[in-house]
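Participant: Okay, here's what each chain looks like letter by letter:
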Amino acid sequence: MSDTLERTAPRVTGSPSGDPAAPVPPEAGRRWRPQHVGVHAVLLLGSLAMLGPFFWELSTSLKTLGETLVLPPTLLPAEPQWSNYRDVFDTLPFGQMFTNSVLLTAGRVVGQLVLCSMAGYAFARFEFAGRGLLFGLFLSVLMVPSQLFLLPQYEIIASLGWLNTLQALVVPGLFSAFGTFLMRQFFLSLPRELEEAAKLDGANHWQIFTRIMLPLAKPGLIALTVLDVLWSWNDLMWPLVVNNDPMAMPLSVGLASLIGQYQVNTTTLMAGSVLATLPVLVMFILLQRQFIQGIAFSGSKG
Amino acid sequence: MSRMRRNDLFWAGVFIAPTFLGLLLFYMWPVLRTLFISFTETGPFGGSEWVGFDNYAALAQDSALWSTLWNTVKFTLVALLGIPLALVLAALLSTPGLRGVKVYRVIYFLPVVTMPAAVGLIWRTLYNGEVGVINAILGTIGLPGTNWLSNPATALYAVAVVGIWLGLGTQIVIFLAAIQGVPKDLYEAAQLDGAGRVRQFWSVTLPSISPSIFFISVLAVIGALQTFDLIFVMTGTSNPAYPQTETIVAQFYQRGFVDNQQGYAAAIAFVLLVLIVAVTAVQFRLQKKWVHYV
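From first to last, the protein sequence lines are chains A and B. In terms of our numbering, the first sequence is numbered consecutively and its last residue is 305. In terms of our numbering, the second sequence is numbered consecutively and its last residue is 295.
Possibly wrong hints are sitting among the right ones.
Reference listing, derived: stretches of chain B covered by chain A, where coverage requires no fewer than 3 residues with Cβ under 8 Å from a Cβ of chain A [unchecked claim]: (1) 20-32; (2) 201-210; (3) 227-238; (4) 254-263.
Worth flagging that the hints you see were computed from the coordinates, not collected in a lab. The structure presented is a predicted model; accordingly, all values stated were derived computationally and were not measured. Don't be surprised by glycine CBs; every beta carbon is placed ideally from N, CA and C.
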């Protein structure tokens, strides 16, 4: 199974044609053409379906409660109600939850960048007995749905007395079979010459890894970062299970906890959604290429 | 063993051990532990006792579980409709000489980077039965609306549509890359044979990118079978349509972490594993009939 998946999966590096985020062919030959009108019509309609919900989120977040109940609904608020955003902070310990999300994400990202690149490099370059078997064991973790880990993971965290702590959110996410696999594939694609030269100069494996290979592996590390940011920032079930104290929740759980609380207004919910999603959206706009490449490699969210 | 090889073994240990030990503790051992838990039952005063296959026997009899399975299958089938949609959009985006491709790509990708919990909240507002904008739009073209998320007939499909909306960007990007990799001379040959754009899509593009379609459908099915976030946020247990939308993973969460029935939840997790393995195996068998590897 892994063999076919590897063959069909888009590569993380490799030829430009396999690069999903490669710039589309030069703009020179591109102009508005009459025969493209139909194509644009369909694509614009699709864009409307994609952007519409975001527009509505933003618009609702700035309406008065009265305006959200008007029929037919109005497109824009008569007067933007910025105070809705302040209400979010009165409804939730938003600042604390935001901090929790940032620390959860940063912790997992940094941990995986270090640990997965080390393990991935070893699988790509070192020859040792049992390597294939060990790598197969890593891959098998990749195939198992996460629900098979959750109950014992919870038991471990509880027995360590870590419920409602930052460690509970971060520690199990430091170790990743997927990240190791991704980094191994990346290191395999790098030429061996530089390492050979460094070895002749008397450098040991640690020096070769940190001074030569890691700088070369930047695109792979960026792809892993992107995937970990999305997975960590948006993760719901694990934080929901281990941290039920609002002060220890990340934003995803905080938002979800507002549902069913009937005293919370739609306007507040939408303002909260805007605030919770904005950091990653801004990152995406700034690093489009890296995001699209990273996701296309994994093929899924997490 | 040469000195060189021994040296490698030492360094392999240093590089791999942290991740290996972490995976062992948090991922490998837990699978065995979950298997063990599935043969136990939590007593009324805590503690657990061995009950053999009782949980599995109870599962087989549990009509609630069968209905969550059926919901999950329906959800997955609807979610798969996103694939042809993504294919068509990717084909349109690869129109030679088309302008604005980069902008479209960003637009279609936005949902992919948006927190599912927030997406659920946004679509709840859109789907609202009294003041939702979707009913308002339907009203202007003379169609009746409904309370999409609390109507048992529509709730599951309404959530599945959001699932498609969330995943479309990923699928488009992967198809787009695959289409760009199709050799140009195949299209030229097809043109010489008098094939139009639509015909080229069917006879050149689709067969050439069938490995990518297969890859996406495997991942889409595995993802859809594990749907939780959207259901949890969009319908939720107090919703009258909840029994019609509850997925197998939502049921797992409910039993394992709300109802304190870990043994039963562990058994559900294994049913899910079997389901995923079986469906994926069927897909791998079927691919021989339609996937062309160059």
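Participant: Hint by hint, say whether it matches the structure.
Facilitator: Checked hints:
no.	hint	in the structure
1	20-32	holds (count 11)
2	201-210	violated (count 0)
3	227-238	holds (count 6)
4	254-263	holds (count 4)
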